[in-house]
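With chain A fixed as given, assemble chains B, C, D and E onto it according to the hints.
Residue numbers (numbering that gives the first Met the number 0), protein chains in the order written: chain A, 0 to 324; chain B, 0 to 324; chain C, 0 to 324; chain D, 0 to 324; chain E, 0 to 324.
Covered, in the sense of this in silico footprint (three residues per stretch, anywhere, with C-beta under 8 Å from a C-beta of chain E), are these stretches of chain C:
no., region
1, 153-163
2, 166-172
3, 195-205
4, 211-221
5, 234-241
6, 247-260
Taking beta-carbon pairs under 10 Å as the criterion, some of the chain E residues facing chain C (in silico):
no., residue
7, 66
8, 77
9, 81
10, 99
11, 134
12, 136
13, 169
Calculated from the structure, these hints are not laboratory results. Note that beta-carbon positions come from the ideal geometry of N, C-alpha and C, so glycine has one too.
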Amino acid sequence: MSESSPPPTTGPSTGAGTRTGAAVRRPRPTLSQMGLAPGKRTRLKRLLYDHGPGGGTLLILPIDQGLEHGPMDFFANPDSLDPKYQYDLARDGNFSAIALHIGLAEKYFHEYAGEVPLILKLNGKTAIPSDAQAFSALTGSVEDAVRLGADAVGYTVYVGSPSQDRDFEQFRRVREEADRLGMPVIVWAYPRGDAVAKKGGKESLYAIEYAARVALELGADIVKVNFPVPSEKDADSPPPYNALKLTAAEAFRRVVHSAGRCLVLVSGGEKMGDTELLAKVRASMDDGATGIIFGRNMWQRPRAEALRMTRELHAIFREYAQPLP
Amino acid sequence: MSESSPPPTTGPSTGAGTRTGAAVRRPRPTLSQMGLAPGKRTRLKRLLYDHGPGGGTLLILPIDQGLEHGPMDFFANPDSLDPKYQYDLARDGNFSAIALHIGLAEKYFHEYAGEVPLILKLNGKTAIPSDAQAFSALTGSVEDAVRLGADAVGYTVYVGSPSQDRDFEQFRRVREEADRLGMPVIVWAYPRGDAVAKKGGKESLYAIEYAARVALELGADIVKVNFPVPSEKDADSPPPYNALKLTAAEAFRRVVHSAGRCLVLVSGGEKMGDTELLAKVRASMDDGATGIIFGRNMWQRPRAEALRMTRELHAIFREYAQPLP
Amino acid sequence: MSESSPPPTTGPSTGAGTRTGAAVRRPRPTLSQMGLAPGKRTRLKRLLYDHGPGGGTLLILPIDQGLEHGPMDFFANPDSLDPKYQYDLARDGNFSAIALHIGLAEKYFHEYAGEVPLILKLNGKTAIPSDAQAFSALTGSVEDAVRLGADAVGYTVYVGSPSQDRDFEQFRRVREEADRLGMPVIVWAYPRGDAVAKKGGKESLYAIEYAARVALELGADIVKVNFPVPSEKDADSPPPYNALKLTAAEAFRRVVHSAGRCLVLVSGGEKMGDTELLAKVRASMDDGATGIIFGRNMWQRPRAEALRMTRELHAIFREYAQPLP
Amino acid sequence: MSESSPPPTTGPSTGAGTRTGAAVRRPRPTLSQMGLAPGKRTRLKRLLYDHGPGGGTLLILPIDQGLEHGPMDFFANPDSLDPKYQYDLARDGNFSAIALHIGLAEKYFHEYAGEVPLILKLNGKTAIPSDAQAFSALTGSVEDAVRLGADAVGYTVYVGSPSQDRDFEQFRRVREEADRLGMPVIVWAYPRGDAVAKKGGKESLYAIEYAARVALELGADIVKVNFPVPSEKDADSPPPYNALKLTAAEAFRRVVHSAGRCLVLVSGGEKMGDTELLAKVRASMDDGATGIIFGRNMWQRPRAEALRMTRELHAIFREYAQPLP
Amino acid sequence: MSESSPPPTTGPSTGAGTRTGAAVRRPRPTLSQMGLAPGKRTRLKRLLYDHGPGGGTLLILPIDQGLEHGPMDFFANPDSLDPKYQYDLARDGNFSAIALHIGLAEKYFHEYAGEVPLILKLNGKTAIPSDAQAFSALTGSVEDAVRLGADAVGYTVYVGSPSQDRDFEQFRRVREEADRLGMPVIVWAYPRGDAVAKKGGKESLYAIEYAARVALELGADIVKVNFPVPSEKDADSPPPYNALKLTAAEAFRRVVHSAGRCLVLVSGGEKMGDTELLAKVRASMDDGATGIIFGRNMWQRPRAEALRMTRELHAIFREYAQPLP
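Chain A extracted, bound-state conformation:
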C-alpha cells in the first residue's frame, strides 16, 4: 500500500465530532520524504522544530489582511491596526512564524529579528476591484526574503481564475528563484473566478481539492487551504464530486491526501468561537495537517485572550509532536 493511502481507522468514519484520536491520525510528510535541498531543509527545520510549538508542527500568524481586506479588519480590535500588535503577539505567543508583506517586514521586523521567524508574502492585491479576474501581483521577491532573514516565502495562486496563466508564469519565476536560493515556498491555494463559481464555488471540495493538488504539482513545499464546506452547490461540480455526499471531515481528508507531500496549513478565515476553533484544529491535525495559519482568529482578540488561546493551541500541538526523523 502506498504511503499516503488513508490509514486504517478503528471504525467507520464518523466525522470530526466523534473521532477517537491519535489512532486514526494520518502521518504528515517528513522533511526527508519531501526531497528538500539543504537551504530549504535548514529553513523548514527552523520553522517546524526550533520555533513555535515545534515537533514538526506550524502555528503561523498572518498579517496581510491590511492589504487583502483593508483596515476594516482591524476595527474589531483597534490595537491590531498597529502591526506591532501582531509582532508582539507572534513573539510572546511563541508562534512558529509571522507572515506578512515587504512593507511590514522592512518597517517593523528589525525589532523582532532573531526572535520571530519571518515568512515574506510575495504577492497580493486589494479587495477593491472585482475578483472576476483575480490575480495577485508581486510585492516582493525571494531575494528580499533572503536579505531580510526570512525562513519562507508565501505566494497566492488563484486556481481557476481567467488570469491563471499569468499566475502560473509568475509563480514559476518565484519557485525557480526559491529553488536557487533554498527558500521554502508556501502557496495560498485559493479557487477563484467565474468558472469556479459555476462548478460549485470556492468552498466546494471540487475546487479546494483541485487547488491543493495544483499547489503540489507546481512545486509548493507547504500549501495553505481552506476547509471545504459541503453544500448543495456541490451538485454543480463535475462528476464524481456532484454525487459524493461527504462529511466536512471526509472532504478535508481528501484535500490533505491530494496535497501529497506538501505540508498542509489550515486557514482560519473569519473569527470563530473558541470551541469551534479548537475542534477545527484537532480535526485538521488528526487528518494530517501540519499546522494552522490563523489571523483574525488570533489578533482580533484582545491581547490577553489571544495569548490564552495561543497557550491552548500549544497544548494541542504538543499532542501531535514528532521527533525530527
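For chains B, C, D and E alone, coordinates are given in the frame of chain A:
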C-alpha cells in the same frame, strides 16, 4: 499599549477647530523606528533635518501638474508656467525639497543643485484619457534619481484601479531598486477607478485609509495622502465605514494611524484661502503628519504672497520640531 | 522515392483490423536521421534503448492529469491519488520514462532517481477556466530538467488557439534553451479553440495532421498525438479534408507521415478495454509510431492488472525492436 | 521676472500679421541653460552651429512619410519616391539634418556620411489601421543611432492616446539610453485619440500646449509641434481654454512658452504656398522657435524650386542667428 | 536624375505583354549601394553569385507552407509531404537557397549542409485562427540561423494589421540581432487586416506598394512581395490610388520602385500554368526584381517536371545575370 495607539487626549475629541495643541499631538515615526538602511537614512535625514523647516518635518513643493493636469494650472499665475518660478520659490522659501519629473530635473535642476533637495517623481500620466483604468507609467528610474543627486523618489499608486496589478508590479521594481540604492520612496497613494467610485468615492475614509495602508504594506517610506472628506457617499462604503459618522479630523487621524511607520505628507489639492490652509496644516501636524506637500496652494500665488505664506508655514513647523533622536 | 513515402503494402489498405503485420510496417526515424546534437542524442538513446522496452521504442507513463484534469481522475483507482503509485508502476513495470510536472518531480523523484527516467513537463493549466483561449503557462524550465537529471522535457502546444502566438513564442524560448542544453523536446500537439471546432473539431484528421506538422516545423523531437477520429464533422474541414473518406488507420498514417522526422507517441486518452488498447498499440507501431504514452489506461487499473498489461505491451514492443543504427 | 516670461513688447499684441520684428523676439533656450551632458551638447552644437543655417537654428528635412503615410505622398513629385532625392536635397540645400528611419539610414546614409547630419527616427507606424489607440512601436534604437553616426534621435509621443502609458514607458527606455550615450532626443509631440477629439481636437491649443509640456516633462531636448489652429471646437476644451479667444500667433507663443527649455521645431504639415510658408517661419522664429522641420513642403517641390526655397529659408534664419554662448 | 527614377523606355509603357526586353530593364540595387556590413555582404554574395542561377539573381524554394497553410498543400503532390522532397529539389535544381522554419532545418538540413544555402524563416503562424489580428510569432532566432550556417533569415510583417505595433517591435529585435551578427534579412511584406480590406484589399497596389516601402523603412535587405492585382476594389483605396488605372505591370513597377534599395523577390502564390509562370518571371526581372521565391509552383509538380521548370528558370535568369560589381 502599542506605540501607535491613539494617544491620551485631554478631553473628548472635538475636531480640528477646538484642539488644544501639543498635548494631544500624535508622535511621528522616527528614523530609527523605520528600520532604514544607511543610504535611505542619510537621504531622509537631509530632507527632514538639514533643509526646509527641519526638526523632522517636511515642506515639499511639487511641480508635476504640468504633466498631470496640463498647463491649465498655470493660468492662475502666468509666471508659474516657467519652472524656474517654482525652483526659485523652493530655494528662496527654503522648502525641504522640490518634487518633479525627469524633464524638469534635467533641464533646470543643474542651476539649483546643492541648494534645493530634489525628489524625482518616477511615474505619471496626463489628464486627457479616461481615469477608468488609471495607471501611471514610468517616466524615470531610481538610477536617474541617483545620477541627478536626488534625495528621494516619488511614485503614484492608484489603489483600487483595474490596473492595480500592473501598478503593484511596477512599483515593486521601483521599490527593489530603491532598496538596492538606498533611495527613500514616497508614495502618492490615490484611490481611483470604478470600484472606488462605487464604494464611497476617492475622498471617502474607506478609500483613503485603505490607500494609506497599501502604501505601508508595499514598502513606502513616506506616503502622500489627501484628507478624507466625510460625506453621505460613505453610506456606499463597506462596513463598518458606512456607519462610522466621524468628523474630518477623526477620519484623518485614522489615516495617519493606518499608515503606520510611513511618514505622512498631507496633500494640498486645489487652492484654499489662507486661514483654511493654515488650519489644515496645524490639524495635520497635530495628528501625526510629518509635513505637507502643497503645490497649487503655493505657486498659484504671486511670488511675494507665496513667500509670505512659506514663512508662516515655517513658523508653524518650528512648533512641531523634534531633535534628531 | 523519398524516405518517408508510404511503404509498399502487400495489398490494398484495409484498416487496422486486417493488417498483415511487419511486412507493411512504416520505418521510424532514426537518431542519425534526426540530426541531433550530442546531448539530445545521449538522452534520447537512454530513453529509446536503455530503459523500458528498448529497441528504439518508448513506453511512457504520464502523470500530469492531477493538474490538467484535477483529482477527479484518481477516483477510479483511489491508490492512484498518491504519486508514488505511478512512480512505483513506472519502475516496476519498466517504463521508458515517467512524465510529470515540477512539483511531483521535486517531491518524489529523488526516491526513484537513476531507476526511472524522468520527462519533465514544462507547461500546463487546469481544466477549470474555459478552453476558448487555451494556453498552458510554464511551470518549469529546461534548466529545472537538467538539474533534476531528466532525459527530456514535455511541452503542450494548443494548435489553432487564439493564444497560439503566445504559445509559439513561449515554445520557442523552451526550444532554444533545450537546444542550448542538449535536452530532447516532446510536444503534446493538441488542436484547440473555436476555429478548430468550426473546421471539424479537435479529433478531425485536418486538425491532428496539422498539429503534428506544426510540432515538426517548430522543432519538436517527439510529438504526442491523439488518434484522429473520422466523423461527419470532417465535412466542415477545409478541402481536401472535407472529402477524404479515410479509415481511422489511414488517417493515422497520414498523421505519422506529416510528423516527418519527429518520433510519434500515441496518446491513450480515456480508459479503454484491453483488446481495444492492444489493437491500438499494434496499429500505431505498424504505422510508424515510436511508442505510446498511456496514463489513465495504466494507472486507473489496480496495480496487478496494470503490471500485467505492461508485460503485454513489452511483448508487443519487442516485435518492433530495432538495433541502434 | 523669470527667464521665460513673455518679453516686453512695443505695443499690444496684435498677431503675426503686424509684428514689428526682432524687438519682440522671444529668446531661445541656450545649450548652457539646457543642462546638457557633454555628449548631448557636442551633438546639438553640431546641428545648431556647424551644419545648416547655423547660428543656433535648425532646418531639418524629414523623410518618414513613406512609413507614416505611405508612398502616396510621393505622387506630387515622382522623383521624391527615391530617398536619394531627399538626401541630395538635404546635402545640396545645406540642411541642419535629415530625419528618417533605420532602413533609409542603413541603405543610403553611407553615401552622405559626414556631409549630412543624421537624425534617426526611432518609432513609427503606418496610416493603415485606425488611430484610435495610436501608438508607434520602435523601429530602431539609440545604439543604432550611435553606430550610424547620428547626431540625434526622434521619437513620436501620442499625447492623450489610450496607449499613452505604453508610450511613456517606451519613451522612458529611449530617453534613458539616450542619457547614457549622450544622444539628443527630439520628440514629435502629437495629440491623438478619442479623448483629444472630445476636448477640442488635435489642432486645439489645449491639446498642443499640453503636448509641448509633456515633451518637456518627459525629458525631450527638442520638441516638434504643430501650429495650434484656433477654431470653434476650442469650446470643447477644458477651462480656461474654452474661453481664451487667442489669435493663432498668441496661441503658438503659449506653446513655445510651455515647452520651457526644450528647443521648439515647427512642423510644416501639408504643402503650403510660398508666402504662407515664409510667413509661418518668421512668425515661429519671432516667437522663440529654434527652427523648422518641413518635409512635404520641401521635397514635394521639384528640386530647383526646393533649393530656391531653401536659400530663402537660409536668408531668414541668418536674421535669427546667435553666437554660441 | 536620381538613381531609381523610371528608366527611359523605347516607347510608351504598354504592359508586360509587349515589352521590348533588356533595353527597358530597371537596374537592380547592387551590394555596394546597399551599404552592407561585411557579414551581410559575405552572405548575400553567396546567395546571389555562388549558388543557384547566380549573376546577382535569386531563385528560392520556400517550404513553410506546412506551417502557414497546413499539410493540405501537399495533397497535390503526395511526395512533397516529406521535406526531403523539397531539399532534394533545391539541391538538384540548383536553387539559390531553401527557406524554412527551425524544425525542418534541424531535422533535415544536416544532410544538405554546404550544398544548399539555408534561409531560416524566423516567424510564422497557422491558418487556423482568424487573420483579423494577423501576427506571426517567432519560431527561431538569428542566433539559430548562425548556428545552423544559414545565409539569411526570413521574417513576415503583416503591414496594416491591428497587431502591427507588436510586429514592428518584434521585427526590430530581429533586425538588430541581424545587424549585430551580419545576417541578411528578408521580409515577407504582406498587407493584412480589416483596415487593409476596407482600403482595397491585400492585393491592391495601395497595400502592396505601402508594404514594400515599410520593408525598406524598417531595414529589410530583401523584400518578398506579391504582384498587385488591379481590380475595381482599388476604388476603395485612398487617393491617388483610387483613380490610378494602371496595368498590372505598371503597378508592379511602382512596387519595385517603392522598395528602393531592398532587393525584390516575387512571390509565386498558387500554382500557375507554365506559360503564365515564365511570363511572370520575365516581367518581374525586367522591372527590377532580383529573383523569385516560388514554392507551390515548384514542389506541387512531380520531381521531373519541377526540375525541367527549374532549368527553364535558370535559362531566363542567365539573361539577367550581372557581374559582381
